[in-house]
Amino acid sequence: MQCLQHVPKLLSSNHEFSEISKLDISGAIPSEPKCSFQKVYAKLRGRLADLQNLGRINTEGPAVTEDMIFLYPTGMTAIFEAHQLVVGLRHAKTVVFGFLYELTPKLLRLYGSGLEFFGNGTREELDEFEEMLKLQRYRDPSNQVQAVWCECASNPLLKTVDLERLRRLADQYGFFLIVDDTIGSVANIDVLEVADIIVTSLTKSFSGYANVMAGSVILNPASRFYVELRQELRQSYQNSLFIHDAVQLELNSRDYLARTNKINQTASYLVQFLQDYIGKPTPLSAVYYPETCCSATNYRRRMRARVSNLPHLPGFGGVFTLEFINISTATAFFDALNVHKGPSLGAQYTLAQPYVQTVFQKEKSWAASYGLKETVVRISVGLEDMEELKVCITIALDAAMHVFEETRRM
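Note that numbering that gives the first Met the number 0 numbers the sequence shown so that position 372 is 371, with each residue one more than the last.
Rather than coming from a laboratory, the hints here were simulated on the basis of the structure. Wrong hints could be hidden among the right ones.
With a Cα cut of at most 20 Å, we get these calculated PhoX-like pairs of lysine-lysine [as the list claims (entries may be wrong)]:
(1) Lys261 to Lys279
(2) Lys92 to Lys133
(3) Lys389 to Lys261
(4) Lys361 to Lys372
Estimated spans, in silico, between C-beta atoms of each pair [said to hold, decoys possible]:
(5) Arg253 to Thr64: 37 to 45 Å
(6) Arg407 to Arg253: 47 to 55 Å
(7) Ala41 to Asp275: 23 to 31 Å
(8) Pro310 to Arg164: 17 to 25 Å
(9) Glu227 to Tyr268: 26 to 34 Å
(10) Gly278 to Pro310: 31 to 39 Å
(11) Lys361 to Ala304: 41 to 49 Å
(12) Ser364 to Asn57: 37 to 45 Å
(13) Tyr236 to Leu114: 21 to 29 Å
(14) Ala367 to Ala221: 38 to 46 Å
(15) Ala304 to His90: 18 to 26 Å
Beta carbons: idealized from backbone N, C-alpha and C, even for Gly.
Please build the complete structure, drawing on both the sequences and the hints.
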């Protein structure tokens, strides 16, 4: 199982003859009519291109078109193929800036030629990174950084690095800047102005119904590397996204903007409610969310503009992470929280995951050194009623508070 985590070529999640059950909730899996086999790949690429062009920060840049978008069977496959693409062009060290989804650095290290990890993604680490670049150029101009990878926002602490400064450094030192926009989601954020390559797990909010996997790589037409990247990728690319997965993904993503609106509003509402617990004698010590965390300014710089003729309002996404003062209160909260439990995010159901306990069980001290404590619970908001979710969270917080008060009396 461990080796399979690092093998991005996976089997389809929708067998040709499988039946997909319909979920009897407000966010039920969409049903027919489905897109025809002949048109589905172009339809998906066209939809992704339209989303990239919607409410862009830089309206004067070249538009994204279908031929700049490459589909893959999973998000990790997209990451792997993007990595292979740049490794083939620049066989040098990779840099991870910020704390990424745990498998991404492992894959980059396993299939690359060295990895530097700046896991805090702070201004101080940016200064350190810039000094490293200067020193490398002085010592050996032929041995430069190949690519910098980051997320907007990061998983699971929802921080956003200074992408504008990284872009300036990329222009100065000639490395690729690759941004994973899965958490922020294309409906909310525009990273095209700063990224040479955008990678996305379409399994998450773009699909939105947790019944199909897919990923994408998008090349920025304004990148100085665009011609080189496109030529190389077109030669090596094979469309391995299974046709039935593509059909289901196209069907699911028709209501992507509407779902994102609801999830944005619910998550922001719940975070505002939870903020009242911080700074008081409660078991909740921190709430991490792009709207409220220390790097909120960096996230806001990348938010899309609202398009006047559309009801969609770009927001801060549907993922937030709660940090508790100790294991016992975190456990009480998690056990009492009446939502679905498990990994993934962006589904129609709210999902809760004790992130470090499930992802970094053997690396807790290492994760803690980057501010990721074993007392965190990551929550991905679904399509349920926001007041009902508030009640669920309140009941779980009451359970944690009971343990907290018992401990204080001891």
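Verification of the supplied hints:
1. With a C-alpha separation of about 30 Å, the suggested pairing of Lys261 with Lys279 is violated against the 20 Å cut-off.
2. Annotation: proposed proximity of Lys92 to Lys133 holds, straight-line Cα distance about 15 Å (limit 20 Å).
3. Using a Cα cut-off of 20 Å, the hinted pair Lys389 and Lys261 holds, with the two alpha carbons roughly 15 Å apart.
4. Between Lys361 and Lys372 the alpha-carbon distance is near 13 Å, which keeps this suggested pair within the 20 Å criterion.
5. A hinted range of 37 to 45 Å is violated for the C-beta pair Arg253 and Thr64, which are about 21 Å apart.
6. A hinted range of 47 to 55 Å holds for the C-beta pair Arg407 and Arg253, which are about 51 Å apart.
7. The hinted range of 23 to 31 Å is not satisfied by Ala41 and Asp275, whose Cβ atoms lie roughly 48 Å apart.
8. Under the hint 17 to 25 Å, the C-beta atoms of Pro310 and Arg164, about 34 Å apart, miss the expected range.
9. Checked against the hint of 26 to 34 Å, the pair Glu227 and Tyr268 fails, with Cβ atoms roughly 45 Å apart.
10. Taken as a hint, the range 31 to 39 Å holds for the pair Gly278 and Pro310, whose Cβ atoms sit roughly 36 Å apart.
11. Checking the proposed 41 to 49 Å range against Lys361 and Ala304 shows it holds: the Cβ atoms sit about 44 Å from each other.
12. The hint said 37 to 45 Å for the Cβ distance between Ser364 and Asn57, and at roughly 42 Å that hint holds.
13. Checked against the given bound of 21 to 29 Å, the beta carbons of Tyr236 and Leu114, roughly 25 Å apart, stay inside it.
14. In this structure the hint that Ala367 and Ala221 lie 38 to 46 Å apart at CB holds, the actual value being about 40 Å.
15. As the Cβ distance of Ala304 to His90 is approximately 39 Å, the hint placing it in 18 to 26 Å is violated.
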